[in-house]
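K.L.:
Chain residues, written in single-letter form:
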Amino acid sequence: MTRRSTWMGISLLAIALVFSARVHAQDTIKVGVLHSLSGTMAISETTLKDTILMMIDEQNKKGGLLGKKLEPVVVDPASNWPLFAEKAQELLEKDKVAVVFGCWTSVSRKSVLPVFEKDNGLLFYPVQYEGEESSKNVIYTGAAPNQQAIPAVDYLMKEVGVKRWVLEGTDYVYPRTTNKILEAYLRSKGVSSEDISINYTPFGYSDWQARVAAIKKFGSAGKKTAVVSTINGDANVPFYKELANEKISAEDIPVVAFSVGEEELSGLDTKPLVGHLAAWNYFESINTPGNKAFIQQWHAFIKNQKRTTNDPMEAHYIGFNLWVKAVQKAGSTDVDKVIAALPGLETPNLTGGIAKVLPNHHITKPVYIGEVRADGQFDVVWKTSSTVPGQAWSPYLPSDKDIVADWVSLNCGNYNKATKKCSGQNYK
Amino acid sequence: MRWGCFWLGGQWLLGLLLALQSIGFVYAQSPTDVGFAATVGALCAATFDEKNKIVEQIVQRGHPSAQPTLTALLEDRLYCRNQDQRVFLIKPAAEDAPTLNLIDPLTLKDAGSASSDDVTRIVTNNHLRRLLETVLARFGLSSPKSSVRLQAVKELERDLNEGNVQLLRERSAVETNSKVKKEIAIGLALASMDSSDARERLAAISVLEGSLRQDVLNRLQAVVEKSANGTFVESDEHVRKAAAKAIESIESRRSFYSGIQTVLFGLSLGSVLVLIAIGLAITFGVMGVINMAHGELMMLGAYSTYVVQLLMPSYIGSSILVAVPVAFLVSGLMGILIERTIIRFLYGRPLETLLATFGVSLILQQLVRSVFTALNREVKTPDWMSGTLQLNEALAITYNRLYILIFTLIMFAALLLVLKKTRIGLEIRAVAQNRAMAKAMGIRSEWVDAITFGLGSGIAGIAGVALSQVTNVNANLGQSYIIDAFLVVVFGGVGSLWGAMVAGLLMGVVDQLLQPYAGAVLAKIFVLIALILFIQARPRGLFPATGRAAESQ
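If you read the protein sequences in the order shown, they are chains W and U. Under this note's numbering, the first sequence is numbered contiguously, ending at residue 1325. Under this note's numbering, the second sequence is numbered contiguously, ending at residue 554.
Next up, chain U with everything else stripped away, as it sits in the complex:
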């Protein structure tokens, strides 16, 4: 009941304060203000344990400034002035602002400014932040936004003491949003699991049965466990039976979803493999060029993303979309340059091509190191790509992986379209199948070679944009993916785009299925062994190229 009273009191005081200000009264210091100021002031020299106690005191005092002050403490915006050990809030400002604008915690009015050397930030730790979040959740429970209320309910559930349960109960009566209401019901049910009335516990279990949450499962499992002396913790047999049934139901649903999750993880890992391999499927598969610099073309794509973000720092959200064509052009042009200056003199000599392009890859790596230094470059993740898509309590996939999966499918479809439906695609296929005949038909095969290589390289650049979101952007980025790319192409069948697609996804899923049992290193080894055996049996891969040209090779 205490918190409810405090909250009403706080609101009333705040209302009064606003009323006083609006009619122009000078706000006079009352005894509560003095106490509040002294309590807050004590934060300056406090240890973490003392800070916890001070925060609780601030809450108990119920001063109208408590919420903004504690919020500031949570957000690292509460400072202590060195000269007189007084505490101030700081206005949120730009990172490099030379001075900090102070706000008085009592009146919440401007109190001048200070340089960052004159004030010391009041440091929080995990425990203190946890406490602050729970405390502030009580304020959030009456927020007009349902998402804030949902978060507040979740915070309160972490600490189901009498006060918090009472708050939840009160909120439950007036809550209109169904999601929040459901969350409150689960919170209250968790609380009534400790009730002394067996019927109440039974009712709580029937509510909890519908949830998929791990903490609910843990709570139910505690019911059926035996204590140290061999007797059941739960004395009532009906409750135990109901709990056992609920556990079974929750676990079977959870294991179903975790199976789906593993496949999703595999598909997302596979989609990265597909993305890095389809560019290679064109240069290696269609043209037969072993391009060891393919990884470095991906790296150039990733650095293009970095440069694009540098050029448009205030539009990070759209920078990735801009980076896609930029990376395609940069890597594509670089590819054409490599083809025109080196590879075209080496057609039909795979070993020389391999060595020459390996040299190119080293040159590109060191070039990037000289221009951008050897340090990792930070490519920012746009807001719409970060976070998790929570399908339900047991099934979640991170947005960046989801977008890469979708992006891969779009890329793949676009590439198929280009190769099958456009004139240049037709010419590429014609040259790949029979160069002499294509020439006889008036196709400029040299030009087509350059364009094909540029296309494959450009796609590598686009893959680099996607990789910049999942891994480090540095000069070695390409090296760590080039082997995988070749594996996928060989497994899928040289020259087959569909092969690369199926092979990449398959390798991803198998890897993820093995990983929980074998660990990351062994899983990879098993995949490799399986692949070697497969190639022994079917040297041309999953989707071997057919036709006269393929057979003559």
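With the rest of the complex left out, here is chain W:
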């Protein structure tokens, strides 16, 4: 073949491909995936992108949705918060996706929120967060504080007998809001302010020796002490290394973490960490048929038997299934119809319970407390007897006492019962 004919062949092929893709595009439903694939958050978010791709793949094997195939549109906001908003706009206005699965940090969610509300999009947000929010256009499939932080503190107080508390966090909105709620909660339970120590460190902090020594000192005052850690991201690894080095055992000062799961521990030697705690709504080690099948499916999709599963992955699993059910119920992918169909929908979670969408756009979730095992997995040592409904507004903060979120009967995410006024979105 001459070079010219090769080029002609290639360009013909390219034209054919473009053409077929266009034909193809007409009978697909576009699903946006808005997770950082580079930058600091890539560590956590790449896994979530893969989870959604796996779910789409699975749904297409079942014949798609409403007779159409699902087509993922993956963008990379690169751990850059303003870029999140730009990419969200691109997904909603240019690609006209039916739904978006995305975001990890609260600051990225806050950044895309105005875009979703303006363009009337639909976002499924899969990560535990600080609450104090309920948008018409967002379904929060991660835990609200009452589904993670409060039960964890309850467990430590009642089952372990903790009297003294260190609230250790990374310096940004999620730890600060969570600690504000926790402090109010602890004070309401009669813990004096000198038994609470709150400290913040920057993102990616690695010089933990002085902080860990201070925690050790705070914990040696004779009362049982625990650390509630909202340390996020990379900083956890040197923090746990330092705990291990300074021989703070979980039996003396347990550390309960809200942002450390199987994925984060996979980069660590966990033997010195045995017994430290994490509070989640899902653990890979929970032995149910649904979870086993999910893990197998994940290993087959990612082609690596050693990859772990974690809580935000389960949240995406639930969120995706809920969206599929809502579209089937509404008979359309129209955002308003899907949002109207969502409250009240139920789908099984991976641990044998039922996830139900509530009028405040949060879902019901079970709460598990796990202890780190030598192999980097968790042993569940405590769980709630049934699922807990997510609360958008914390009853422990005085400013939120009268606020409710209800998108079914009140059509408002921030309704003040006392003044009977709606503020925020839908505020007129």
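In case anyone wonders, no lab produced these hints; they're calculated from the structure.
Keeping only pairs whose Cα atoms sit at most 16 Å apart, straight-line, the calculated EDC-like set for lysine to aspartate or glutamate is:
id, chain 1, residue 1, chain 2, residue 2
1, U, K155, W, D1149
2, W, K1120, U, D216
3, W, K1168, U, D77
4, W, K927, W, E990
All of these numbers come straight from a predicted model, not from anything done at the bench.
Got chain W; can you put chain U on it based on the hints?
P.N.:
Same frame as chain W, but now just chain U:
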């Protein structure tokens, strides 16, 4: 007294058991065996509260298999067979072994094998493990190893009930090791603080006075406190006075040691800063090249450590030592490559160099992400580097930090030696001082440039090896340190190795001194402000370069 009896009984039974086995008798099931088996069997379906009770029952029964069974429970090696709910011990085996080898808890003999799906591990929690450790400590008290005995005494001190105190007292009479003996004395003194005899309490305080431990201090402070109704908890005035004196003595010694500790923390933080900065002191200081990819060269060093560990998985202990020259070569060669292909065309144009090397840093980051994924890579800490050097009860420094401090000093000395005592060092200095004159003397200045840049980059690689022990190994590792590295070099005085050394250590110590009062974020801000003010007053840093060449710049 009960525990003593049990222990003697246990030993006797074990002896008998061994004797029976050695002469070939078939071990027959006795009523104690049946009871033991039933108690252990109950672990299968028990809640955590029930498990605590079962463990206590097992101890009370005093069966010879109690110790191995409870040890297995503590070590996550006690399993329940699903089909018949019988409990088995598991032989320690390789992580990926397909089947588990079962051991019967009664006879401690092999009982076949099972796949991991047929058995369920009996789960423990913190409370249960604590109980198991205390219980097993009673066995450890008569261990031939003094370190095991010391640990056992410490475990028993956590729960000073009558039985444990009695055990300690008995051990105290026969103990020969002075360290263990001292520990027992403190334990017994803590116990006699609850005695009703004031003289005994007074004697206990005189023993406790010599200790530096926080729990001892807490116990003494409880003596001088007033109870809710305004009267003293301790009725005897002499005891109160003695306690107050002991508290004062302990506290003054503790605060002295905590001062030393803060300085040590500062030096160790500073040594990391020095390590990342001395490579830069050469490329930026000596050559005047603003290399934004310096952090990525450190990152390459850290990944070299990871790869070395992958290649020699069974020699983790020595892998770090192997990684040092490997990282030096990898980063050094990469540095020479960057110098030859990019930087040499940009000498004398700092802005272009800055932009070009920033681009290189992005390329290197994404390259590493593509090869190793964006996930953190686990670099294992060798055993000799983990743990804490406990100088005394109030003063401890972790081994990894200590080694990094020593390592930094060695590196620094080696670098000075190379620059001052070798021919290549002489040539580097000559080119840095006066390029034209050096050329005239027959020095190949281009070649020297490449070598200098390679040397600085190689040292960055070595710094990466050290960083892999204190922080996350991922593509962003370099970015988080590059700013600090530049700060140290500017503060110390461009071109001065001694400046980088003093500046790094000083910044570390000041940061640690401020941290208890200001917190991590504010302390860093204060250090930065102080630095800006200092640079305003002395733009050339702590140790400004002198001479004609420096002045002409």
